[in-house]
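Turn these sequences into a full structure, and let the hints steer you where they fit.
2 protein chains.
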Amino acid sequence: ILSELDPDDAADVLSELPEEERAALLESIPPAESAEIKELMSYSEDSAGGIMDPAVISVSEEATVSEAVNKIRAAEIDEDFFSVYVVNKDGRFVGDVRIRFLLTRPEGTKIGDLVDPDTIYVTVDMDQEEVRNIFSKNDLIVAPVLENDNKLVGRITADRIIEVAEEEAAEDLYTMAGTDADELDKISAFHAARIRMTWLLPCLIGTGVTALVLMFFYEKFGKGSSIVYTAALAFVPMIAAISGNAGLQTSAIVVSGLATGHLVALRVSQVFTREVRIALLVALSCGVIGGVACAILLYLKAPESTIKSVQLVFAFGMAMFSAIMVATTLGLFLPFLFRRIGIDPAISSGPLVTTANDSISVAIYMTLTLLLAT
Amino acid sequence: ILSELDPDDAADVLSELPEEERAALLESIPPAESAEIKELMSYSEDSAGGIMDPAVISVSEEATVSEAVNKIRAAEIDEDFFSVYVVNKDGRFVGDVRIRFLLTRPEGTKIGDLVDPDTIYVTVDMDQEEVRNIFSKNDLIVAPVLENDNKLVGRITADRIIEVAEEEAAEDLYTMAGTDADELDKISAFHAARIRMTWLLPCLIGTGVTALVLMFFYEKFGKGSSIVYTAALAFVPMIAAISGNAGLQTSAIVVSGLATGHLVALRVSQVFTREVRIALLVALSCGVIGGVACAILLYLKAPESTIKSVQLVFAFGMAMFSAIMVATTLGLFLPFLFRRIGIDPAISSGPLVTTANDSISVAIYMTLTLLLAT
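Residue numbers (full-length UniProt numbering), protein chains in the order written: chain A, 1 to 374; chain B, 1 to 374.
The hints are all genuine.
A few chain A residues facing chain B, derived, Cβ under 10 Å:
1. R160
2. E168
3. A169
4. L212
5. G244
6. S251
7. L281
8. S285
9. C286
Note that these hints are calculated values from the structure, not bench results. All C-beta atoms in this analysis are idealised placements derived from N, C-alpha and C, irrespective of residue type, glycine included.
Shown next, in the form of structure tokens:
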């Protein structure tokens with residue numbers, strides 16, 4: 001079965017197997033193929049080397065069109081190809097010649113005269129996300145893969161990049177929800193539950209901190225104003241949910257912008273100014289609307305606490321504004337910070353940051369209530 | 001500028017302009033090009049017709065290889081192409097011939113003998129997401145676009161599909177966070193803030209409902225057991241956050257599976273059984289861990305309420321279990337339901353569903369606390 005797979009897929013399959021099985025399988029296939037697969041396995045699965053197809057047709061600069069055509073006729077490549085790659089006499093990559101030129105130019109034309117010296121290439125150690133950005137920016141269908149000394153080692157076609165784009169997109173989605181694609185590897189529910197629990201556990205600790213914050217404030221309020229405390233508590237989920245979502249909106253824009261590379265094109269300072277303005281507008285609207293909603297609910301359901309409710313509404317509105325400003329600031333800066341220190345930026349849209357944000361916003365809210373309403 | 005763009009990009013740009021400017025621009029370019037752009041504009045921007053490139057090379061079944069080569073030589077197509085499309089004498093699509101065959105076969109060979117009759121094609125009215133799935137499933141580099149009567153009208157290349165995959169992925173991410181890509185159309189912060197507010201407003205109403213639920217229970221608990229009510233309130237954010245995240249984990253798996261088409265391949269009943277098992281395991285773990293955490297926090301911070309705290313912890317554990325089961329069930333079924341009734345499945349990972357889920361889980365928790373701890 002292994003020798004029917006493309007060498008790059010075979011290498012991926014093999015690298016998942018235990019050492020012994022791998023060696024046994026490699027011995028069972030023709031030596032030429034196993035050498036190719038072994039070389040592919042030496043590249044990281046997520047690098048250009050890991051996703052490339054080593055089957056390329058290369059001709060010398062000195063060859064003629066008819067020599068190149070003979071080389072194509074002799075090559076036993078199943079897959080379709082679109083360009084012939086040109087190398088100089090030292091074996092270094094020079095550029096590519098489109099197959100259509102081989103069809104439409106006289107047979108004696110030198111390949112060196114047809115070559116496009118500005119061919120866009122990728123290097124074996126490039127991350128697949130970077131390769132995808134290069135394909136997407138330059139509308140590429142195929143790109144040659146070079147080693148660092150400009151030696152041609154393979155090619156990557158756009159169909160593989162579509163897979164990469166889908167993989168990366170699914171990973172972002174999973175990270176945002178606090179799980180990962182690994183859980184689909186095995187059908188076992190136990191395995192999947194364990195992966196999800198590794199995300200929910202820190203989340204439990206985080207919400208435990210929120211509960212601690214609420215209990216801490218209970219003591220501060222004292223017996224006398226426990227009615228204010230109880231009324232204030234009813235709005236805790238509102239503060240937490242709205243500020244969490246406002247932060248998530250910002251970080252989704254930033255994470256997706258970083259992933260597709262669109263954000264790098266814009267000037268970062270421009271993005272910051274725009275996001276800060278949006279945050280101010282959103283925080284102001286939610287502060288006012290939330291304050292009014294809080295006032296109406298208090299009037300309807302707890303008229304006995306009217307003495308303090310003006311202060312409570314005011315504290316709530318200010319807390320909503322502050323919590324949204326904190327959450328959007330985190331949503332704006334954390335993806336950049338995480339990328340800088342080598343963590344997946346999508347984590348900043350995940351449950352960990354959302355939970356941390358809950359504790360912060362609740363602490364702000366309770367402090368303001370304590371200061372203003374007791 | 002317009003005539004330098006590819007016709008499909010030009011059509012996209014034009015369809016964003018007001019009627020008058022569009023007409024003026026279309027008159028300013030050569031009639032042949034404007035006719036092509038007008039036809040492309042008649043297709044929806046998100047359909048195969050909207051993303052296709054109308055420049056194709058087609059030859060008759062009856063032609064020979066050398067006639068096909070002459071046609072390629074005469075064609076003034078800037079972009080690269082990889083296959084020649086073959087039509088029969090009624091102008092209907094028959095299949096494709098790879099350019100390499102034109103190079104390597106004798107000049108007199110009939111095109112009809114080289115044609116691949118199983119060429120995978122797409123139709124003009126197909127949604128771009130469906131087109132992407134076809135490309136991804138069949139590892140395509142290029143596909144012909146046919147009208148419903150099998151007339152060849154254009155082609156789609158994989159580089160365009162990479163863009164589509166990126167667009168769709170970003171849309172999913174935005175929907176999850178409660179915003180959309182439209183907000184990036186204009187630089188105005190006011191415009192973006194308005195779009196985000198349309199998501200936050202229903203979210204405010206939803207959390208308002210949660211506040212109402214909490215107030216309703218305050219009355220039910222009565223003055224005597226207000227200490228139990230206050231202690232229980234401290235754990236509301238924990239119940240809401242954990243069950244919300246557990247639901248999000250499930251819906252992210254389902255949404256991403258639906259988007260990439262992987263889920264359709266698996267048997268739906270299999271996915272359901274697996275997800276229900278995972279939910280049971282996760283709910284059980286969180287119920288137990290959350291209950292213990294709740295017990296420890298209560299012991300540390302509010303030892304005066306020890307009489308009721310065993311019941312409170314028990315109520316909390318059961319509520320955590322129930323809330324997670326409800327949330328994961330919603331996360332599992334809503335994406336399928338939404339797709340059935342024509343709503344984007346990613347909405348089910350968005351703030352609206354999360355907020356609704358908050359109210360439900362808090363109501364469950366308070367009911368159990370009321371029943372067990374007072």
